[in-house]
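**Student:** Input sequences plus hints: build the corresponding full structure.
One line per chain: the protein sequences are A and B, in this order.
Once you know that position 370 of the first sequence is 370 in the working numbering, the rest is easy, because the numbers rise by one and skip nothing.
Once you know that position 126 of the second sequence is 126 in the working numbering, the rest is easy, because the numbers rise by one and skip nothing.
A few of these clues could be false.
Quick list of the computed label-pair ranges, beta carbon to beta carbon [to be verified]:
1) T64(B) to A254(A): 33 to 43 Å
2) A254(A) to G97(B): 30 to 40 Å
3) H84(B) to R311(A): 33 to 43 Å
Hints in this document: simulated from the structure, not taken from any laboratory.
Positions of the beta carbon are idealized from the N, C-alpha and C atoms, including for glycine.
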Amino acid sequence: MSQRAAQHDAILATLVLLDPARSGEHPSTRLPALYPQVLQVWRRDADGDWPAPSLASAEALSRASARPALATFDAARGYYDLVLAGSPASFALRIEIERWVPWADWPFRRDGAVKAELGLAGQQLRLQAGEDAGGWRGGVTSGFVFDKVLDTPSQPFVLHVQRSTGPADWPWARLSALAALLAALVAAAAAMQRQRQRRRRAEQLLRLARTSRLNALGELAAGLAHELNQPLTAVIASTQAARRMLDDDPLPQATLHEALTQARDQARRAAEVVARLRRLVERPGGAAAVQPVVLGDAVRGALALLQPELRRLALRPQLDDTGVTVVADPVALEQILHNLLNNALQAMDAVPATQRRLQLSIEIESGRGVLRLRDGGPGLAPEVLEHLFAPFVSTRRGGLGLGLSLCESLAGAMGGTLSAQNVPPGGAEFRLELPLAAAR
Amino acid sequence: MTTPLIHLVDDDDAVRRSLALLIGTVGLSVAEWPHPQAFLDGFDRESIGAIVLDVRMPGTSGLTVLDQLLAQGVDQPVIMLTGHGTVEMCRRAFKAGATEFLEKPVDDERLIEVLHECVRQHVRTRERLAADLEARERYARLSEREREVLSLVIEGLTAKQIARALGVSPRTVETHRANLGAKLETDSLAQLIRRFALLVEEAGAA
Numbered sequence: 001m002s003q004r005a006a007q008h009d010a011i012l013a014t015l016v017l018l019d020p021a022r023s024g025e026h027p028s029t030r031l032p033a034l035y036p037q038v039l040q041v042w043r044r045d046a047d048g049d050w051p052a053p054s055l056a057s058a059e060a061l062s063r064a065s066a067r068p069a070l071a072t073f074d075a076a077r078g079y080y081d082l083v084l085a086g087s088p089a090s091f092a093l094r095i096e097i098e099r100w101v102p103w104a105d106w107p108f109r110r111d112g113a114v115k116a117e118l119g120l121a122g123q124q125l126r127l128q129a130g131e132d133a134g135g136w137r138g139g140v141t142s143g144f145v146f147d148k149v150l151d152t153p154s155q156p157f158v159l160h161v162q163r164s165t166g167p168a169d170w171p172w173a174r175l176s177a178l179a180a181l182l183a184a185l186v187a188a189a190a191a192m193q194r195q196r197q198r199r200r201r202a203e204q205l206l207r208l209a210r211t212s213r214l215n216a217l218g219e220l221a222a223g224l225a226h227e228l229n230q231p232l233t234a235v236i237a238s239t240q241a242a243r244r245m246l247d248d249d250p251l252p253q254a255t256l257h258e259a260l261t262q263a264r265d266q267a268r269r270a271a272e273v274v275a276r277l278r279r280l281v282e283r284p285g286g287a288a289a290v291q292p293v294v295l296g297d298a299v300r301g302a303l304a305l306l307q308p309e310l311r312r313l314a315l316r317p318q319l320d321d322t323g324v325t326v327v328a329d330p331v332a333l334e335q336i337l338h339n340l341l342n343n344a345l346q347a348m349d350a351v352p353a354t355q356r357r358l359q360l361s362i363e364i365e366s367g368r369g370v371l372r373l374r375d376g377g378p379g380l381a382p383e384v385l386e387h388l389f390a391p392f393v394s395t396r397r398g399g400l401g402l403g404l405s406l407c408e409s410l411a412g413a414m415g416g417t418l419s420a421q422n423v424p425p426g427g428a429e430f431r432l433e434l435p436l437a438a439a440r
Numbered sequence: 001m002t003t004p005l006i007h008l009v010d011d012d013d014a015v016r017r018s019l020a021l022l023i024g025t026v027g028l029s030v031a032e033w034p035h036p037q038a039f040l041d042g043f044d045r046e047s048i049g050a051i052v053l054d055v056r057m058p059g060t061s062g063l064t065v066l067d068q069l070l071a072q073g074v075d076q077p078v079i080m081l082t083g084h085g086t087v088e089m090c091r092r093a094f095k096a097g098a099t100e101f102l103e104k105p106v107d108d109e110r111l112i113e114v115l116h117e118c119v120r121q122h123v124r125t126r127e128r129l130a131a132d133l134e135a136r137e138r139y140a141r142l143s144e145r146e147r148e149v150l151s152l153v154i155e156g157l158t159a160k161q162i163a164r165a166l167g168v169s170p171r172t173v174e175t176h177r178a179n180l181g182a183k184l185e186t187d188s189l190a191q192l193i194r195r196f197a198l199l200v201e202e203a204g205a206a
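**Tutor:** In structure tokens, the structure reads:
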């Protein structure tokens with residue numbers, strides 16, 4: 001635009017210099033054809049008159065500053081007059097702004113969102129409306145504003161460009177793509193979270209079931225203790241009474257008899273409690289629940305349940321599975337595996353992390369399915385190894401000492417065996433042997 | 001005095017019977033109570049002796065019985081028996097006023113020693129209580145003037161000083177003192193002071 005404005009200066013300068021009127025041709029006819037923005041050309045001789053007084057004052061200004069001066073700026077009609085004082089004649093041009101704007105080089109789409117105004121001395125000519133900031137799309141921000149004073153001193157117009165950026169201008173497609181992507185990510189995260197929670201919940205439920213089973217065992221032990229303690233109390237009190245009566249003279253025959261009978265009966269009662277417990281543990285029909293079980297699956301299931309403990313110990317169990325199917329009671333097998341794994345993990349609780357390891361192997365040996373479980377714990381002390389599967393033997397504080405005893409009984413009930421030994425360089429190895437499932 | 005009676009509260013017949021036999025060997029009488037509630041409803045609160053309570057009983061637990069005994073102001077010492085005593089249970093029992101806490105099976109020597117001590121303790125308690133009751137009864141027989149004289153006697157005033165303080169003749173004071181001694185059944189000043197000083201102080205404060 002500045003270039004074109006400079007062009008106007010040049011036209012006027014040329015007109016003044018050449019004074020085409022003298023050569024006979026009137027520039028007012030030819031100039032508009034050459035420069036479409038020039039609406040009209042006026043020429044004033046030294047003795048002539050301007051058609052408008054504004055031109056006269058502009059001519060005075062021009063003469064003083066020795067450069068073209070702006071006479072009129074009619075924003076409403078879209079033109080301005082530019083005067084260059086000269087001698088012998090002064091010239092004036094009326095420029096149509098609409099045509100002056102170099103639309104071909106115009107950087108904005110004419111029907112776009114950009115508002116462009118040409119301003120001078122408080123008047124604004126709207127070059128293109130753009131989208132008004134007062135509309136629905138506006139008001140969010142004032143958008144991008146840019147003011148430029150044209151660098152032709154004769155035509156100091158200010159070009160005011162404003163691009164209001166309402167929601168309509170936002171890159172909806174890309175925004176929505178981004179939003180969709182984020183939503184997908186959030187949904188995926190939520191789904192993962194939900195799944196993790198579900199899994200954790202399932203684990204907790206299973207653990208709870210185990211804990212309550214253990215609690216039941218504790219209850220049983222407490223009940224058993226009471227059931228045995230009562231007759232023992234009676235036996236001891238009766239015999240103590242009898243012994244004291246022996247010092248009496250004469251012997252209180254009847255009372256002595258009663259005390260001894262009481263002692264015998266109560267000793268029998270204690271024996272009865274033990275017999276009852278044994279019948280309870282032996283579970284009638286316990287062998288009925290056996291079925292083919294893929295040993296590796298059972299091991300993996302038990303390991304999955306101990307994930308939190310494995311993570312806590314930073315332990316990655318190694319399972320060497322050759323795919324063996326055994327005949328077992330799934331519940332009993334799970335109980336055995338859980339107990340063995342739990343023992344191994346607890347044995348490694350106190351050893352340095354680098355020493356911790358958990359190696360499991362499943363193979364067939366002499367027609368039997370064998371699971372070996374080696375840990376990197378301190379191993380089993382000789383005196384413990386000797387009574388390892390005896391009930392109420394525990395190396396743990398507060399341990400009931402029933403875990404391994406139970407495991408051995410359970411293995412035995414399924415026609416299997418459970419044994420243990422220490423292995424170099426340290427650590428215990430438990431070996432669970434179970435009958436193979438018949439080949440199909 | 002009646003023979004000490006041991007109340008034995010245990011729902012296990014064999015245990016209760018055996019313990020009764022054991023306690024009987026040292027000459028103590030035993031009252032057996034299989035039901036805690038029946039015991040609470042029926043036992044003789046006046047008897048001298050002790051109570052042996054099993055902690056673990058169906059219905060009313062030993063600790064509940066203990067609480068109720070304390071609330072009723074029963075003064076017999078209570079021995080708690082338990083198969084498996086935890087520190088917490090022990091603490092609760094002592095806090096509730098149990099005298100002793102024994103684990104089953106009980107050692108005969110320990111049980112009998114504890115029972116003897118409990119009985120001795122109870123006898124002493126009852127004697128003190130009886131003496132106190134007797135003193136109150138006798139004190140109640142005194143007239144207003146006699147009580148005034150008694151309090152001054154206990155303060156260590158002579159007959160003359162008392163006469164001056166009360167504005168009566170020394171002979172009148174002597175008469176009151178003689179009546180006092182007869183009503184309180186004491187024949188020495190030392191006895192009078194030992195038995196009634198606290199009571200007089202209590203009456204004066206009231």
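**Student:** Next, verify each hint and record whether it holds.
**Tutor:** How the hints compare with the structure:
| no. | hint | verdict |
| --- | --- | --- |
| 1 | T64(B) to A254(A): 33 to 43 Å | holds (36 Å) |
| 2 | A254(A) to G97(B): 30 to 40 Å | holds (38 Å) |
| 3 | H84(B) to R311(A): 33 to 43 Å | holds (38 Å) |
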